[in-house]
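Peer 1: full-length UniProt numbering numbers the first residue of the sequence shown as 1 and each following residue consecutively.
Calculated directly from the structure, the hints in this document are not laboratory data.
All residues carry an ideal CB built from backbone N, CA and C; glycine is no exception.
Accuracy of the hints is not assured; some may be wrong.
Said to hold, decoys possible - No farther apart than 20 Å at their CA atoms in a straight line, the calculated lysine to aspartate or glutamate pairs in the EDC-like style are these:
id, residue 1, residue 2
1, 326, 302
2, 135, 174
3, 52, 346
4, 15, 128
5, 332, 310
6, 94, 346
7, 198, 161
8, 221, 150
9, 266, 217
10, 94, 128
Stated by the list, open to error - DEER-style ranges, computed between Cβ atoms:
id, residue 1, residue 2, range
11, 348, 294, 25 to 31 Å
12, 193, 20, 30 to 36 Å
13, 347, 199, 46 to 52 Å
14, 282, 31, 54 to 60 Å
15, 248, 197, 37 to 43 Å
16, 181, 318, 34 to 40 Å
17, 304, 31, 52 to 58 Å
18, 282, 349, 44 to 50 Å
19, 291, 334, 29 to 35 Å
20, 19, 228, 23 to 29 Å
21, 332, 20, 46 to 52 Å
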Amino acid sequence: MRKMVECTACPRRCKLLEDQYGFCGIRWNFEGRLYLVSHGLAIAVAIDPIEKKPLYHFNPGSLVFSMSTTGCSWACQFCQNWDISQRKVIAGWKLPPELAVKLATAYGAQGMTYTYNEPIIFIEYAYDVGLLAKKYGLFNTMVTNGYMTEEAIDIVGKFIDAATVDLKGHGDREFARKFSMVYDTEPIFNALIELKKKGIFVEITDLVVPKYGDDLEKARKLARWIVENLGPETPVHFLRFHPDYQVTYLPSTPVNTLEKHIEVAKSEGLKHVYIGNVPGHHFENTYCANCGSTLIRRMGFDILEVNLRDDLRCPYCGYRANIAGKIHPMYKLERFVYVPLEAFTEFVHIKSNSIREFVLHGK
C-alpha cells in the first residue's frame, strides 16, 4: 500500500503519495515520510545590505548573509528569480548549517536572511541554520510571500526576528490566481497577524503591476487593513514592477503611479511608506512619523546619511523612531560582498535516479 503524507509547510497542504513531490518541487514522500530534499543545498548565497530585502526599520546599515534553495510555493509569471524558484532540477552548493554560519561570521555579517525563493518551503533547513546563528549572536530574517500554515508559523516564531512579507498586486485574490497559481490570499493576511503576535518585526512590500495590480482603491483597502491590524507605523514599500520571465508584455510601473499609492497609503494613516526600485526617489528616505524631518537618507540600497540620536529618537522633536535593533556603522562601507563558495564546498545536481542516495547518505 502506498503511504500518503500531507505537507504542512504552505496552505496548499499537498497530499503526496510514495515518491511524489509537492508543488514546490523539493518536498518529497519517501516510504511514507516527508523529506526536504534540498536541506543543506543552497542554490544562491551572497552578502547583502539589509536594505535590499527590503528591511528599512530593522538593524539599518547591517550586512546579512543571504541564502536560498531551489523551488517555490508560488509560480509567479513575472518572477525575477525564476531561474531559482522555477528550476526543475534540485541543485545547489553543499552548505550545512555549520558552514553557512561560519561563512556569515567570517564575512562580517550581522544576520542571516532566507530569501531569493520562498523560505517556508525550506523552513527546516532555515531553522537549523537559524538556531546555530543565534548562538553566534546573529539575527535571522526572511523574505516571504506570507503563504504559510499555522504549523509553519510556529516554527518561524522560534527563530525569525524580522520578516519582509512580499505582496503582489495588493494581495488581491484574483491577481494571485491570474499570475501566481494561488487561489486564496487570506492565509497571507492571517500570517501577518500571527507574525506580529509572535513579536516578529514585519515590513510589507507590495509589487504594483501596471493594468492588473495597480488599482488605487485596492491599495486603499490594503493600507486600511494594515493600519487596523498591524499598526500605522508598519513600514510599507510599493515596488516598481519591471517586465521579466513570462510577463514581458507589460511596461515598468510609472513612477507617478507609485507616488499615487504613497498618497493613498498616507491618507489612510500609514506613517512609513516607501517607493522601491526607483533609486534616488525621495520616498526611499525615512521621515519622522511625528514632525516629518529626514531621519535616514538613502540612494538605492545605500544609506547616505543618518540623522538620529543614539536612542533612535528624532533630533528635532524627540519622537522615538520605529526602528528595531540599532543603526550599524557598516553602512559607510561597501556592502555587496562576493562569497567564493567554490573555495569551501562543491556544487551538486541531484539526478532523479539518485535522490534516494542523496537524501539517505548525502551523496
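Peer 1: Evaluate each hint against the coordinates.
Peer 2: Structure-based check of each hint:
1. 326 with 302: 16 Å, holds
2. 135 with 174: 43 Å, violated
3. 52 with 346: Violated, at about 27 Å.
4. 15 with 128: Distance ~25 Å between residue 15 and residue 128 Cα, so the pair is violated.
5. 332 with 310: Between residue 332 and residue 310 the Cα gap is close to 17 Å, so the pair holds against 20 Å.
6. 94 with 346: 6 Å, holds
7. 198 with 161: This hinted pair holds, its Cα atoms lying about 10 Å apart.
8. 221 with 150: 25 Å, violated
9. 266 with 217: Answer holds: residue 266 to residue 217 is near 13 Å, not above 20 Å.
10. 94 with 128: 15 Å, holds
11. 348 with 294: 25 to 31 Å: 48 Å, violated
12. 193 with 20: 30 to 36 Å: 32 Å, holds
13. 347 with 199: 46 to 52 Å: Since the Cβ atoms of residue 347 and residue 199 sit about 37 Å apart, the hinted range of 46 to 52 Å is violated.
14. 282 with 31: 54 to 60 Å: About 58 Å separates the Cβ atoms of residue 282 and residue 31, which means 54 to 60 Å holds.
15. 248 with 197: 37 to 43 Å: Holds, since residue 248 and residue 197 (Cβ atoms, about 40 Å apart) stay within the stated range.
16. 181 with 318: 34 to 40 Å: Roughly 49 Å apart at Cβ, these two residues miss the hinted range, so it is violated.
17. 304 with 31: 52 to 58 Å: Cβ of residue 304 to Cβ of residue 31: about 56 Å, so the range 52 to 58 Å holds.
18. 282 with 349: 44 to 50 Å: Between residue 282 and residue 349, where Cβ atoms are some 46 Å apart, the hint holds.
19. 291 with 334: 29 to 35 Å: 33 Å, holds
20. 19 with 228: 23 to 29 Å: This hint is violated: roughly 46 Å between Cβ atoms.
21. 332 with 20: 46 to 52 Å: 51 Å, holds
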